[in-house]
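Visitor: Listed here are the chains, written in short residue letters.
2 protein chains.
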Amino acid sequence: MGLGERGGWDKSESRYCGVETEFEDDMPRLLSYNLSSSGFDFVVAPLMDPTYRPSLLEAENGSSHVLPFAGSDLVLSPSQWSSHVVGKISTWIDLDSEDEIFRMDSETTLKQEIAWASHLSLQILQGLSNMQLWLRIPLLKTDEDSLDVDSDDLRDSWELWNSFRLICEHHSQLSLALDILSTLPSVNSIGRWFGEPVRVAIVHTDSFLTNARGYPCLSKSHQKLITGFFNHSVQMVLSGKPLHNIPAESTGSAANHIDKNVNNVERHPLRSYLDYVGYLYQRMEPLSEQERIELGYRDFLQAPLQPLMDNLEAQTYETFEKDSVKYIQYQRAICKALLDRVPDGKESAITTVLMVVGAGRGPLVRAALQAAEETGRKLKVYAVEKNPNAVVTLHSLIKLEGWENVVTIVSCDMRLWNAPEKADILVSELLGSFGDNELSPECLDGAQRFLKQDGISIPSSYTSFIQPITASKLYNDVKSHKDLIHFETAYVVKLHSVAKLAPSQSVFTFNHPDYSTKKSNQRYKKLHFVIPCDTGSAIVHGFAGYFDATLYKDVHLGIEPSMSTPNMFSWFAIFFPLRQPICVQPGSPLEVHFWRCCGSTKVWYEWCVTSPRPSPIHNSNGRSYWVGL
Amino acid sequence: MGLGERGGWDKSESRYCGVETEFEDDMPRLLSYNLSSSGFDFVVAPLMDPTYRPSLLEAENGSSHVLPFAGSDLVLSPSQWSSHVVGKISTWIDLDSEDEIFRMDSETTLKQEIAWASHLSLQILQGLSNMQLWLRIPLLKTDEDSLDVDSDDLRDSWELWNSFRLICEHHSQLSLALDILSTLPSVNSIGRWFGEPVRVAIVHTDSFLTNARGYPCLSKSHQKLITGFFNHSVQMVLSGKPLHNIPAESTGSAANHIDKNVNNVERHPLRSYLDYVGYLYQRMEPLSEQERIELGYRDFLQAPLQPLMDNLEAQTYETFEKDSVKYIQYQRAICKALLDRVPDGKESAITTVLMVVGAGRGPLVRAALQAAEETGRKLKVYAVEKNPNAVVTLHSLIKLEGWENVVTIVSCDMRLWNAPEKADILVSELLGSFGDNELSPECLDGAQRFLKQDGISIPSSYTSFIQPITASKLYNDVKSHKDLIHFETAYVVKLHSVAKLAPSQSVFTFNHPDYSTKKSNQRYKKLHFVIPCDTGSAIVHGFAGYFDATLYKDVHLGIEPSMSTPNMFSWFAIFFPLRQPICVQPGSPLEVHFWRCCGSTKVWYEWCVTSPRPSPIHNSNGRSYWVGL
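Sequence order for the protein chains is A and B. With this note's numbering, letter number 254 in the first sequence gets 294, and the count goes up by one each step, no holes. With this note's numbering, letter number 503 in the second sequence gets 543, and the count goes up by one each step, no holes.
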């Protein structure tokens, strides 16, 4: 059935809602009661009679017994089992029990239940053992104020999850089911879970408030949490007994009286809770067009471009040229530069020489000509491009637009070009997600030879930024390659299911032009991040990288989250993974080192953590990942 | 020249002593002054003029300069360079300097110096780049009492080393040179270093005291430290100016007046310090015969035996049979058992049936017969052995000794044998370094079928023990295999260069015979180790494992360090590595879990750490290491 329609987007798993049930050996009846007529999409149900204990059974009737599972595999179709039933491990199981017999019973039963669940799935998945295991824990973090340190009480359920996941080596089939309680931890603390593999949020009826009409509703902070989960494809499961007396007229004749044998359609006792969750789902803001486009790229690792070594393909140009916001910013910057170069009154006397280095298929040429028109300044444009394929398109564009008298096309690498005259303005778009990572500094060093001493570079500077993130999905994707190289590579990625653990900080800055004598494009930066205390402990899987560029004076462009240019889609963030995720305790600083290293044929980054505990230096000597010159 | 002779053993590197010198561009003169006539074996000397700065040189005379190294590679023979010179990186180098130019100078010079050192070595090593780098740090740890937490002062030099080594990923060519100061840290704190790759201890003249005759000597704790270093193949280097006024008569005519041009042989200013270090060396206890035999096995990883799956070789029997201490203990235990079975006065009436299960080539048969003779009890012996090769030797032994009437040889696996009568005493030697690791429990379960209800098993019980250790050499040897399997294997090893960080604790115990109905040889144990606070932080590379067995009543046998049987050499310890070494802060507990798991065809261990941070479960499902049934 689903929770209904959300504007513009109906593909996420989170539109399905489940309900937690007691053990019921008639599985078809359980399904028909909770699903068909009641509006839930799946049940979370025990698979085995909770009174079962292997040790008792053996004592009673020897070894020829039938395990007390909820129905045989044949009572439901394979697709019903896989789509509508989430098996729940018996809650009495305690694998760490001091009682030897109880512990052995627990181990035996756990193995039997998992084998049974696997058996049910195996029929469907034809031997692919990709059963997901969900660890169920409460969403809970008490404040550190209560100084009862020796208490064994659970203070921060994230710690429990973290231990379990580390012992299991970040197994990719291990996920989370979070119990949502009536009290929620701080926003920072909750934020951590958005970088973790949460599959299900179990909302208890006692977490609901009652609205003026007597119906269940949720607090503002609960609403915000649930909406966040919807946005991260987390499914809701409702659990518990109905605690709200729904006014009789709205629930039909048999309100508050459950009788499974009544023939007319029975209203499910949790129906009003389900309706409220559905209302929250439908009320969400529709996805913007950009969000819809980016949906398929979320948390998907891509190798960064190598635009110097490789020639871009037409499709890539096509995509990037559509980013109108970016070119509007460039046009604004060029306007301001033209006005600075040519004062009012001198418009007809002075022709500004503007060179687009890395002209591609011409979007910056167009922006420059539009800026000239807008400001009424005379312009002479050189369009320098090393990719001969792009030059072909550039030629036809110039002809089509009738720009032959204004624009000169130069098919040459800007680092090698022998310019016939010097430029007033040098315009380039060589920035990568991490600013300098597509070697803009090295390219512009080559190009600044033909910029006048007082000439202007657009961009005039750019800075990279990083911040520590929890990103279990990305980490597992990197880890799945089982080699060092992938752990020492930076990836372009549309970050979505991540937790940003501290504000980003600046890393490397480059200014253009730069005429200093001891100029070097090598860089080193040590950074200290402090994760807010109320976050609790958190795991750092790596660093999200961004850039911000000053095109000219106050015109900037960038993807650093706190000041990113709205509605620009040319760049996703960059992700620097850590080979071993690092746990950071509340209040303890995270010390990180980043290097930009330059060799004769390549440029690369190295990174490491030195506090709270040292990591190896990643990508030492550029052994795994580099950008070719 | 060396430090002289130590009784019984003169092969360790530590018999050579070096001296630290200033920069000297005449390397042959430096060597002849310090080595030939003065008694030192090598110099620790700067390779480059300390006034050199790349940035100054460039400014002066462009790029056609010669680097100011101490002599060309030709001034010494390759073997002189490699045996007598330890190159010292320029002390002014600061790679983290805030001063950009100084930092670049540092980087350039470091690279030049390492390249030069490599050049000197490469000639000798024919392309094998196995140059060792020594990190030089003081042996220093201040107490935590001084609560000036914000101070940047070095509190514990081990922390510095640990960070550096972690960043370098435990590189096997990275070692340590420790400066020994006049004040020493606590014994526990020093103990850590014996598990680290310390190559050199640099003793400063100002660490020496003055004895009654005016000569330099060292404090008791310094003496103990130096002796410890000698025992771990650490070389001494003397450093500093002479600070003792040696009485004139003993130093020749030119005492306290250094003139390199004086023709007659000059006494080296540090000679009296060298003599004292030589005295400490020669004074050491000679190695025992057992120590000499074990020398070649120190810190060398061996795969544990698989005596059930594989048949032992003659050489293996030969070695183990020589362990007379072990068989004396067995004989004592059998004596006591015989006296308990047959009271005085009944000697001639009762014949005790004794079965040796796993008789090998007969040492326990001999011990049993000697015990019978000693106690005057009548004995009937069954010698059960599954290895047909050992049975051949056993037959000839029986014949040779004339034991045909007393001993029956059974060529059979004890688990399958159909015994013609039941035994009073079952004697076995099936224990491995970790007690049950060679499957003694499973074998004796099979054998106890033919033990009388009130019969005696020798051994009657055994317990395994573990303790956390620092063992960088072992860790690097495991790591060198670059696979998971080796990190999840337990090794038999003569532990020597290790730091034992906390007293050992018991793990698993087995009792024989065991007639309980719910008997299982599966075991699980959770252990808490607390590293003494004055140790400081330490790294745990894994766990040393031992056993102690009760043969009968008060007769025991074992290798657990605090109660090990003296002069027994049959067992080395066992080593369980950790895939990622774990740093433990002072006072924080180390929580460890060990499992003994049994399948239908194999038995294996699993282990993990859960505090201070969780490790993966090692050898999950016995995927890497197991003992076949």
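Hint data in this document are derived by calculation from the structure and do not stem from the laboratory. Take the hints with a grain of salt, since some may be wrong.
Straight-line Cα separation of at most 30 Å, DSS-like style, residue types lysine-lysine; simulated pairs [what the hints assert, rightly or not]:
1) K513(B) / K519(A)
2) K519(A) / K519(B)
3) K513(B) / K492(B)
4) K566(A) / K151(B)
All values reported here derive from a predicted model rather than from experimental measurement.
Visitor: Now tell me if each hint is right for this structure.
Guide: Checked hints:
1. Note on K513(B) and K519(A): the hinted pairing holds, with a Cα-Cα distance of about 28 Å set against a maximum of 30 Å.
2. Between K519(A) and K519(B) the alpha-carbon distance is near 19 Å, which keeps this suggested pair within the 30 Å criterion.
3. For the hint pairing K513(B) with K492(B), the CA-to-CA distance comes to about 49 Å; that exceeds 30 Å, so the pair is violated.
4. Straight-line distance between C-alpha atoms of K566(A) and K151(B) comes to about 22 Å, which keeps the hinted pair within the 30 Å bound.
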